[in-house]
Amino acid sequence: MIRAVTFLVLAAWLTFVGLARGQAAPIPPAPTRHVTDTVGFLSPETRNRLDERLEQYERQTGHQVVVWIGDTIGDAALEDWAVRTFEAWGVGRKGLDDGLVMFVLAKDRKIDIEVGYGLEDRVPDAIASRVIREVMAPRLQAGDPNGAVDAGVSALLEAIEGHAFVPAPGPTTQPEARRGHELIWLGIVAAVFLVLFAVNPSLALTILWFIMRGGRGGGGGGDGGGFSGGGGRSGGGGARGGW
1 MIRAVTFLVL
11 AAWLTFVGLA
21 RGQAAPIPPA
31 PTRHVTDTVG
41 FLSPETRNRL
51 DERLEQYERQ
61 TGHQVVVWIG
71 DTIGDAALED
81 WAVRTFEAWG
91 VGRKGLDDGL
101 VMFVLAKDRK
111 IDIEVGYGLE
121 DRVPDAIASR
131 VIREVMAPRL
141 QAGDPNGAVD
151 AGVSALLEAI
161 EGHAFVPAPG
171 PTTQPEARRG
181 HELIWLGIVA
191 AVFLVLFAVN
201 PSLALTILWF
211 IMRGGRGGGG
221 GGDGGGFSGG
231 GGRSGGGGAR
241 GGW
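The opening residue of the sequence shown carries number 1 in the numbering used here; numbering runs sequentially from there.
Mixed in with the good hints there might be a few duds.
Claimed, not checked - Restricting the straight-line Cα-Cα distance to at most 20 Å, the calculated cross-link-like pairs of lysine to aspartate or glutamate (DMTMM-like) are:
(1) K110 x D71
(2) K110 x D144
(3) K94 x E55
(4) K110 x D75
(5) K107 x D71
Stated by the list, open to error - Computed spacing ranges between beta-carbons, pair by pair:
(6) A190 x D144: 38 to 48 Å
(7) I27 x L194: 25 to 35 Å
(8) Q56 x A198: 51 to 61 Å
(9) D75 x E45: 31 to 41 Å
(10) V199 x T61: 39 to 49 Å
Since the hints were made in silico from the structure, they are not lab data. Nothing here was measured: the structure is a model prediction, and the numbers come from that model. Backbone N, C-alpha and C fix where the C-beta goes; we use that ideal spot for every residue, glycine too.
Generate coordinates for the entire structure from the input sequences, incorporating the hints supplied.
Here it is, written out as structure tokens:
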């Protein structure tokens, strides 16, 4: 079931991606500092202090942690834009992929934390999400952008060093709940298939044939001063949220 959902979602994404790319927000120029604030979100003192802190952190550990603050990306999908920007900038060392970027969009009131492959075990999605929800969002809602970004950076560095808070475990799934989840998956499959059929009937029928025959295809294989990207890649992990 999960494989079928994944296959349908991927196919739908490939169908729509051409249109989405046409409306995608442009990638900003690669930053030359560890903290870039294009809209005056932070005070100059906070911006410079954080920039010096992250520059020193890179010298000591090699990890590249970057903060980029802008205004808006319009109607573009935040996750897609953030991943493309991360990849274009090459944050982190090539081969180690130990980069992390905190994107803050002031007008959109959104935050995205993108994590490189090499740091995903230290800053998993759950930790990144809690940094946004529990550390940054309350301070932003209280009108303290300097404190929000400062505390968010501190929490992420603590996570990278292995000192992060541990997210509370989720409830154990019972058989009744599992049956409910299966119905949800069926609903998702049906909804995605209907949308795909409306856009590309031939592709939808091909996928339906594949699923009905059992989907027995073979599996694929598993991928000095200032700032300058080192060729790192995004792991696609991280989190996003608003305030």
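Taking the hints in turn, this is what the structure says about them:
1. The suggested pairing of K110 with D71 holds, with an alpha-carbon distance near 10 Å, which does not exceed 20 Å.
2. Simply put, K110 and D144 have alpha-carbon atoms about 15 Å apart, close enough for the 20 Å limit, and the pair holds.
3. At roughly 18 Å between alpha-carbon atoms, K94 and E55 fall within 20 Å of each other, so this suggested pair holds.
4. A C-alpha spacing of about 12 Å is found between K110 and D75, which places the hinted pair at or below 20 Å, so the restraint holds.
5. Taken as a hint, the K107 and D71 pair is honoured in the structure, with Cα atoms around 5 Å apart against an allowance of 20 Å.
6. A hinted range of 38 to 48 Å for the beta carbons of A190 and D144 is consistent with their spacing of about 45 Å.
7. I27 and L194 have their C-beta atoms about 33 Å apart, which keeps the hinted 25 to 35 Å range intact.
8. As the Cβ distance of Q56 to A198 is approximately 54 Å, the hint placing it in 51 to 61 Å holds.
9. For the hinted restraint 31 to 41 Å between D75 and E45, the CB-CB distance of approximately 34 Å keeps it satisfied.
10. Between V199 and T61 the beta carbons are some 47 Å apart, a value that agrees with the proposed interval 39 to 49 Å.
Figure legend: structure checked against the earlier numbered hints; every hint is met.
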